[in-house]
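Enquirer: Assemble chain B with the ligands onto chain A, guided by the hints.
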Amino acid sequence: MRYHHFEGQEAGQIYDWQLIKRLSRYLSPYKYYFISALALLFLGSLLGLVGPYLTKVAIDTYIQQQNISGLNFIALLFIGVILLELAVRYGQIQIMQYTGQRVMQDLRAGLFSHLQRMTPKFYDKQSVGGVMSRLIGDIEVLNEMVTSGVVSMLGDLFMLLGIMGVLLWLNYKLALVVFSVLPLIFYAAQVFRKKVRESFRQIRARMAKINAFLQENLGGMTIVQAFCRQQKNLEQFKKINGDYLDSYLKTVFYYALFFPAIEITTALAMALIIWYGGGQVLQGALTFGVLVAFIEYTQRFFRPINDLSEKYNILQSAMAAAERVFNLLDTDPDISSPDKTQELEQFSKTIEFKQVWFAYSGDEHVLADISFSISKGESVALVGLTGAGKTSIISLLARFYEPSRGQIMIDGYDVRQLNLKQWRSKISLVSQEPFLFSGDILSNIRLGREDISPACVEQAAREVNAHQFISQLPKGYYEPIQERGANLSAGQRQLITFARALVFDPQLLILDEATSSVDSQTEALIQDALEKLLRGRTSIVIAHRLSTIQRANKIIVLDKGKIVEQGSHQELLTRQGIYYWLHQLQFKD
Amino acid sequence: MLAYRRRIIIGLVFLLLTNITSLIAPLILKYAIDSLRGSVDPALLLKYAAAILGVTVIQGIFRYYMRWILIGTSRRIEYDFRNNIFAHLQTLSRSYFIKAKTGDIMSRLTNDLNAVRMVLGPGIMHLVSTLILFITAGGLMFYLNWKLALLALIPLPLLSLIIRFLTQRLYNYSEAVQAQLARMSAFAQENLSGIRIIQAFVRERAQVEQFKQQNQEYLKRNMRLAHIWGFFLPLMMFTSGLGLVIVIWLGGRQVISGEISLGDFVAFSSYLALLTFPMMALGWVVNLFQRGAAAMGRINKILDTEPGISDNAQTLSAVEFSSLKPFKGEIEFRHLSFSYNGPDSQVLSGINLQLEAGSSLGIVGPVGAGKSTLVNLIPRIFDPPAGQLFIDGVDIKSIPLDELRKMIGYVPQDGFLFSETIGENITHGLERRDMQKIQEAAAISQLTREVEGFPQGYDTLVGERGVTLSGGQRQRLSLARALAIKPLILILDDSFSNIDVYTEGEIIQRLTPFIKSRTCLIVSHRISTVQWTDHIIVLDEGKIAEAGTHRELIDQAGIYAKLYRRQLMLEKLEQVK
Ligand SMILES: Nc1ncnc2c1ncn2[C@@H]1O[C@H](COP(=O)(O)OP(=O)(O)OP(=O)(O)O)[C@@H](O)[C@H]1O
Ligand SMILES: Nc1ncnc2c1ncn2[C@@H]1O[C@H](COP(=O)(O)OP(=O)(O)OP(=O)(O)O)[C@@H](O)[C@H]1O
Ligand SMILES: [Mg+2]
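These protein sequence lines are chains A and B, in that order. Position 354 of the first sequence, counted from 1, bears residue number 369 in the numbering used here, the numbering being contiguous throughout. Position 367 of the second sequence, counted from 1, bears residue number 762 in the numbering used here, the numbering being contiguous throughout.
This is chain A alone, in the form it adopts within the complex (with noise of 0.2 angstroms):
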C-alpha cells in the first residue's frame, strides 16, 4: 500500500523560534495560569534550598549548643515548609497541567476544524488513517512534552543563569575556566538537535504510515481473508513497523550518545577545576574555601544542564510533531467561501453548465465543454456508460471541486461568489456509496440535526420503503447502526442514504445511482412517493436502470465527458442514438 502526496511535502521548513512562536500563540489565552504556575515553580525551587539550610541551623546552632526546645521549634518549622512545598508543587503541576491540556485541547480541536473545511480534493488524495496520526497521535506528542514539564525546564535555565552569576562574583577566572567547556556543550546540542529531529520527523512519518495501513487494512479486512492475503500483508506491515523500528532505533543512538557526552563534558570541567583551581590554591591565588564552594557550585550548575538534556529529546519530538500539525493547518483548502459573498436565500431559476471543462488532477480532461440548463422544477437524468463523468458533474455543481474553465451559474451568479455552506444546504446528495455512521438509524437519517422531529424522520423512511424493514427491527428506529452501516444489508443502507437526504428538505434533490442496489418493486414505490414530493422541487437524477429516469423532463447524455444528447424520454428514442441503443440493449427480450 503506498502512502503518496501529502507525507511527501514535510520539508520541515518551520524553524524553532517559530514553531515556539506559534505554540506560545495557543498558550497565550491561558498566560496567566502559565505564569502563576511558573511562580509556583519557583516558590517550590526556593523552598527546596530552605530545607537544607534549616538543617543546617540545627545543626550549628541548636544541636550543638544543646537547645532541644530549638530543635523542637525547627523540626515544626520544617514539618511547615515541607508541607509548603508539597502544596506548592502539587498547585504548581496541576495548574501546569490544566494549561497544558488545554492548550492541546484547543490546538486540537483547532485542526479538526481545519480538516472540516479541507475538500474532497484534499482528501482524495490522503489516507484516512494518515490524517489521523496527526489529529491523535502527534498532538497527543505534544502532550507528552507538556505532562513531562518539559515546561519547567524553564525553571532550570533561570538556575543556570542564577549560577552562572555566582560562579562569575566568586572567581570570574576560574568561572571562565569552567564555562570554556559550554561551547562543547552547545555543539553537541546543535549536532544531536538536527539527527534527531531528522529521525523524529522520520518517525512521525513512519507512525502515519503505519496508521494509514492499519486504517485500510481494518476497513478492507474482509477482503484480505477472502483473498488469503493475510501473509503477505503481514509481510507489510512488518515493513512499515520496522522502518518505524529502525528510526526510532536512531533516535536511540544517538540519546545514548548524546547523554554520556553530556556528562563526560561535566567531568571535564571538574578536572579542569581541580587541575587548574588546584594549582591557583596552592599559589595561594585562591583560599580553599572558595574553591571547595565553587565546586560545589559548577556541581549545581551541571545538574540542570543535565536535567535539561534529559527532557531535550522530548522536546526534539514534540518539535517534529509540532511541524506536522502546523503543516497540515498550513495547507489551505482549495475551496471556501469568497470575501464578499452573493446570497442565496432561494434557488429561484435556473442552473446553468457554460463551457465547463474539468479535470481531476492535470489536464486529462474527464468532462470537456459541458453545456446545458435546469429550469427551477424540473427534474433532469444524467446517463452514460460508467466512467463518462456524470458523478464528476454533480460533484461540481455541489462545489466539491472547481472547474478548469468555464463556469456554473446560479440564478445568474457563478457558484463561486455564493456562500459555500448555504448553496450546499439547497442540496440534498444520495451519492453513489452510500455512507453511514455508527450511532442509530434515527440519528443517520438526519445526522444529528436535533430539530428534525422523529416523526418527520418517519416519514421520510416510509417515502422511501425504510420504514417496514426498520420498523422490524428490535430497536426500531432506535436500533444501533454499526461503522458503516455493516450490520444491514447493503439495499437497507442505500434507503436509509435516501431518507436522508428527503428528510433534509431540499430544494435540489441530486440523486447518484440512488436506488442501484434496490430491487424494482421498492424503486417503483419510490417512484410513486418521488413523483409527489418532487412537486416544485429541482432533481437531478443518474441512472443505469433506465426505468428510473424516463420520468424526467430531460434527459442529458454523456460519452466520455461530452454530452452527445439532450431531450426528453420520447425525443430521445425517436433519434435513435446513444440513449435509444441503451434502451434497446435494456428492454431486449
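Accuracy of the hints is not assured; some may be wrong.
[Unchecked claim] Below 16 angstroms or equal to it, Euclidean Cα-Cα: the simulated EDC-like pairs (lysine to aspartate or glutamate) are:
no., chain 1, residue 1, chain 2, residue 2
1, B, K494, A, D455
2, B, K832, B, D854
3, A, K71, B, D659
4, A, K436, B, E599
5, B, K723, B, D790
6, B, K615, A, D121
7, A, K490, A, D455
8, A, K210, A, D261
9, B, K881, B, E826
10, A, K577, A, D258
11, B, K696, B, E570
12, A, K490, B, D739
13, A, K391, A, E367
14, A, K436, A, D349
15, B, K494, A, E494
16, A, K326, A, D171
17, B, K542, B, E654
18, B, K425, A, E311
19, A, K247, B, D797
20, A, K247, B, E826
21, B, K494, B, E701
22, A, K575, B, E845
23, B, K496, A, D455
24, A, K575, A, D384
25, B, K607, A, D121
26, A, K247, B, E815
27, A, K569, A, E586
28, B, K938, B, D950
29, A, K436, A, E311
30, B, K720, B, E798
31, A, K140, B, E815
32, A, K364, A, D429
33, B, K615, B, E570
34, A, K575, B, E847
35, A, K254, B, D475
36, A, K441, A, D520
37, A, K253, B, D475
38, A, K575, A, E367
If you are wondering where the hints come from, they were derived from the structure by calculation, not from laboratory data. The structure displayed is predicted, hence computed values, not measured ones.
Expert: Same frame as chain A, now just chain B with the ligands:
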C-alpha cells in the same frame, strides 16, 4: 521473547555498572579536595583530574550500552508486539470487525502499545536504577548508624499505604484516559471517512461540536488522572523530607544526649538528602507502571478475542484434504438456517439447494432478503452451522479455511479497494504480479479501454477505497480481482449495480465462456443479469420462495415473473403514453 530476556539482563548489568562507576568520580573528587588541604604535588592534581575524566568516560561507555540495550530492546519488543497484534487481528472474523471500531483498534495498536513500551524501556530502567540507589544509599546509612537509619524509615509504611490506596485509582483513571483517546480516535476516523457526506449536508459545525465534547471529556479525564499522579511527585519529596525532619528531631536529641557523634549525624543527614531525587523518580515509575498496565489490559482485549472462524479439530488434515482433490465445485445447502444475533431472528431458514459443478445460479429478491448473507456463508465470511453447507459433499467447515477461500472468487457487494495501483488491486489474490493475468481479468471486466486510457495505465494509483475511480470502475476492478485468481467458484454479489447495461452485457458475454467450468452464484436486482443463468432462486425473507429456470419462473407467474414484467412494463407504459 527469550532473546529479549537475555538482552534485558545484559542491559541491566550495564545499568549496574553505570551506577557503580557513577559513585567513583565523586569519591575521587573528595580525595582531591582532601589532598588540597595539605600541600600536594601539582602532578598528583593532574592525575586526579585525569582520573575523574577517565572514570566518567568509562561510565559514559557503560551508560551508552545501558541505554542502547534497554531502550532499544523495548523498541524491538514494541515492534514484535505490534506485529503480533496485527497478525492476531488478521485471524479475527468479520463479526468482530463489524462491532469493533477501526479508530479504536488503531488507538490500541499505537497509543496503548506506546504506554506499554514506556514500562518496558524507561520504566524498568528507572525503577532498577532507583532501587540500586536506594540500596546503596540505604546500606551506607545503616552502616553509618542503624538507629538513625531506622528513624529515617518511619514514614515509609505510611507512604506505602498511600501508594497502595492510590495505585488502583491511577490504574482506573489511566484506563479511562486511554479509552477516551480511543473513542476520540474512532470519532475522527469515522468523520474523516465520511467527510464528503458531512460537507454535502453542511454538518461540519455539529461535528466540530461533537468532537469538542469528546475532547473536553478527554481533558477532564486527563485532569482527574493528573490530580492523582500530580500528587505523587510532591508526596515522595514530602516523605523524604519527613524522614529528614524525624532524623533531625529525634537524632538531634540523641546527639545532645551523646548517644551519637555529631560527625556521624552530619554525614548521615547528607546521605538522606541524596534520597530525595530517587524517591521522586519512584513516584514517576509507579505512575508509568499503572498506565502501562491499564494499556496492556486494553491490548489484551484484542489478543483474548478468539478467532471466530478458523481451522479446528474437525478440519481435515493436509493429507486428508489433498486426497479429496481435485474439487469440482458442487455446492449443496442442506436445510441451512442462519442468524446473526441469536436463533430468534433467523435471516435464512430451511434453505435447500443443490448446485451442480460448473453451473450458474441467479439469486434475486427484495432488499434485506438474505441474498448477501447466503453467498457470504460459502467463503465463511460468516460461519454456517455445521452439516448444512457442502462443497463436493464435504462439509465446508472441515475444509481448511485457506484452501476453501482459495477456491472462491468473491466479489462482495461493496467492493473494497486498496490504495495501491490498479494492477496491484487486480492481483491482490495472486502470489505475484502477472501482467498477462491482469490483462485477461481486465478484459473480461471491460476495464481495458479505460485503464489504458489513464496516463499510467495499470500503474495508476487509486485513492483509499478506490475514491479516485468512478463507481462503475470500482465495481469492475473488484470483479477483475476475483477473476484473476481463476477460482473454482465465483460469487458475484450485485456486482453490476453501478454499471450501465451496455457494459454489463459486454461483461456477461465474456464471462460466459470463463465460467463454463466454474460454479457461479450471481446476486442481482436486475433480471437481465440473471436471466441467462442455469438456475434462478427468488429469496424472500430468508426462504427460497421460487426456484427454476428463467422460463419456468416466468411461467409460474409468481414474484419473479412480476419483477420481470415490471422491468419491461415500465417501458411499455412509457411507449403507450
Ligand atoms: N476523485 C477522482 N480523482 C481522479 N479521477 C477521478 C476521480 N473521480 C473520478 N475520476 C475519474 O473521472 C472519470 C469520470 O468519473 P465519474 O465518477 O464522473 O464517472 P460516472 O459517469 O459517474 O461513472 P459511473 O457510472 O461508473 O459511476 C473516471 O475515469 C474516473 O476514473
Ligand atoms: N452483520 C449483521 N448483523 C445483523 N444483521 C444483519 C447483518 N448483516 C445483515 N443483517 C440483516 O440480515 C438481513 C439480510 O441481509 P442481507 O445483506 O443478506 O440482505 P440482501 O438480500 O443481500 O439485501 P440487499 O439486496 O439489500 O443487498 C437484513 O435484514 C439485514 O439487516
Ligand atoms: Mg446484499
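Enquirer: All the hints need checking, so say for each whether the structure fits it.
Expert: Status of each hint after checking the structure:
With a C-alpha separation of about 13 angstroms, the suggested pair K494 of chain B and D455 of chain A falls inside the 16 angstroms cut-off, and the hint holds. As the CA atoms of K832 of chain B and D854 of chain B are separated by approximately 15 angstroms, the hinted pair is consistent with the 16 angstroms bound. Among the hinted pairs, K71 of chain A with D659 of chain B is consistent with the structure: their alpha-carbon atoms are about 14 angstroms apart, no more than 16 angstroms. Between K436 of chain A and E599 of chain B the CA atoms are separated by roughly 10 angstroms; this keeps the pair inside 16 angstroms, and the hint holds.
Proximity of K723 of chain B to D790 of chain B is assessed by CA-CA distance (about 14 angstroms); at most 16 angstroms being required, the pair is judged to hold. At roughly 14 angstroms between alpha-carbon atoms, K615 of chain B and D121 of chain A fall within 16 angstroms of each other, so this suggested pair holds. Among the hinted pairs, K490 of chain A with D455 of chain A is consistent with the structure: their alpha-carbon atoms are about 9 angstroms apart, no more than 16 angstroms. With a C-alpha separation of about 14 angstroms, the suggested pairing of K210 of chain A with D261 of chain A holds against the 16 angstroms cut-off.
For the hint linking K881 of chain B to E826 of chain B, the alpha-carbon distance of about 13 angstroms falls within 16 angstroms, and the restraint holds. For the suggested pair K577 of chain A and D258 of chain A, the alpha carbons sit about 46 angstroms apart, so the restraint of at most 16 angstroms is broken. Between K696 of chain B and E570 of chain B the CA atoms are separated by roughly 13 angstroms; this keeps the pair inside 16 angstroms, and the hint holds. Straight-line distance between C-alpha atoms of K490 of chain A and D739 of chain B comes to about 15 angstroms, which keeps the hinted pair within the 16 angstroms bound.
With a CA separation close to 11 angstroms, the supplied pair K391 of chain A and E367 of chain A stays within the 16 angstroms bound. A hinted pair counts as satisfied when its Cα atoms are at most 16 angstroms apart, and K436 of chain A with D349 of chain A qualifies at roughly 15 angstroms. Straight-line distance between C-alpha atoms of K494 of chain B and E494 of chain A comes to about 14 angstroms, which keeps the hinted pair within the 16 angstroms bound. Annotation: proposed proximity of K326 of chain A to D171 of chain A holds, straight-line Cα distance about 11 angstroms (limit 16 angstroms).
Between K542 of chain B and E654 of chain B, the direct Cα distance comes to roughly 10 angstroms. Compliance with the 16 angstroms bound is thereby established for this hinted pair. Between K425 of chain B and E311 of chain A, the direct Cα distance comes to roughly 11 angstroms. Compliance with the 16 angstroms bound is thereby established for this hinted pair. Proposed proximity of K247 of chain A and D797 of chain B is supported: the alpha carbons are some 14 angstroms apart, at most 16 angstroms. Of the pairs offered as hints, the one joining K247 of chain A and E826 of chain B holds, with about 9 angstroms between alpha carbons and a cut-off of 16 angstroms not exceeded.
Simply put, K494 of chain B and E701 of chain B have alpha-carbon atoms about 14 angstroms apart, close enough for the 16 angstroms limit, and the pair holds. For the proposed pair K575 of chain A and E845 of chain B, the alpha carbon gap of about 10 angstroms is at most 16 angstroms, so the pair holds. Distance hint between K496 of chain B and D455 of chain A is fulfilled; the C-alpha atoms sit about 15 angstroms from each other, no more than 16 angstroms. For the hint linking K575 of chain A to D384 of chain A, the alpha-carbon distance of about 11 angstroms falls within 16 angstroms, and the restraint holds.
In summary, the hint linking K607 of chain B to D121 of chain A is supported, as the alpha carbons are separated by about 9 angstroms, within the 16 angstroms threshold. A distance of roughly 14 angstroms separates the Cα atoms of K247 of chain A and E815 of chain B; the hinted pair therefore holds under the 16 angstroms criterion. Between K569 of chain A and E586 of chain A the alpha-carbon distance is near 10 angstroms, which keeps this suggested pair within the 16 angstroms criterion. At most 16 angstroms may separate the alpha-carbon atoms for a hinted pair to count; K938 of chain B and D950 of chain B exceed this at roughly 20 angstroms.
At roughly 67 angstroms between alpha-carbon atoms, K436 of chain A and E311 of chain A are farther apart than 16 angstroms, so this suggested pair is violated. Distance restraint check for K720 of chain B and E798 of chain B: the Cα-Cα separation of roughly 11 angstroms lies within the 16 angstroms cut-off, and the hinted pair is therefore satisfied. With a C-alpha separation of about 12 angstroms, the suggested pairing of K140 of chain A with E815 of chain B holds against the 16 angstroms cut-off. For the proposed pair K364 of chain A and D429 of chain A, the alpha carbon gap of about 13 angstroms is at most 16 angstroms, so the pair holds.
A distance of roughly 13 angstroms separates the Cα atoms of K615 of chain B and E570 of chain B; the hinted pair therefore holds under the 16 angstroms criterion. Straight-line distance between C-alpha atoms of K575 of chain A and E847 of chain B comes to about 14 angstroms, which keeps the hinted pair within the 16 angstroms bound. Note on K254 of chain A and D475 of chain B: the hinted pairing holds, with a Cα-Cα distance of about 12 angstroms set against a maximum of 16 angstroms. In summary, the hint linking K441 of chain A to D520 of chain A is supported, as the alpha carbons are separated by about 8 angstroms, within the 16 angstroms threshold.
For the hint linking K253 of chain A to D475 of chain B, the alpha-carbon distance of about 9 angstroms falls within 16 angstroms, and the restraint holds. As the CA atoms of K575 of chain A and E367 of chain A are separated by approximately 20 angstroms, the hinted pair breaks the 16 angstroms bound.
Violation of the numbered hints given earlier is confined to hints 10, 28, 29, 38; the remaining hints are satisfied by the structure.
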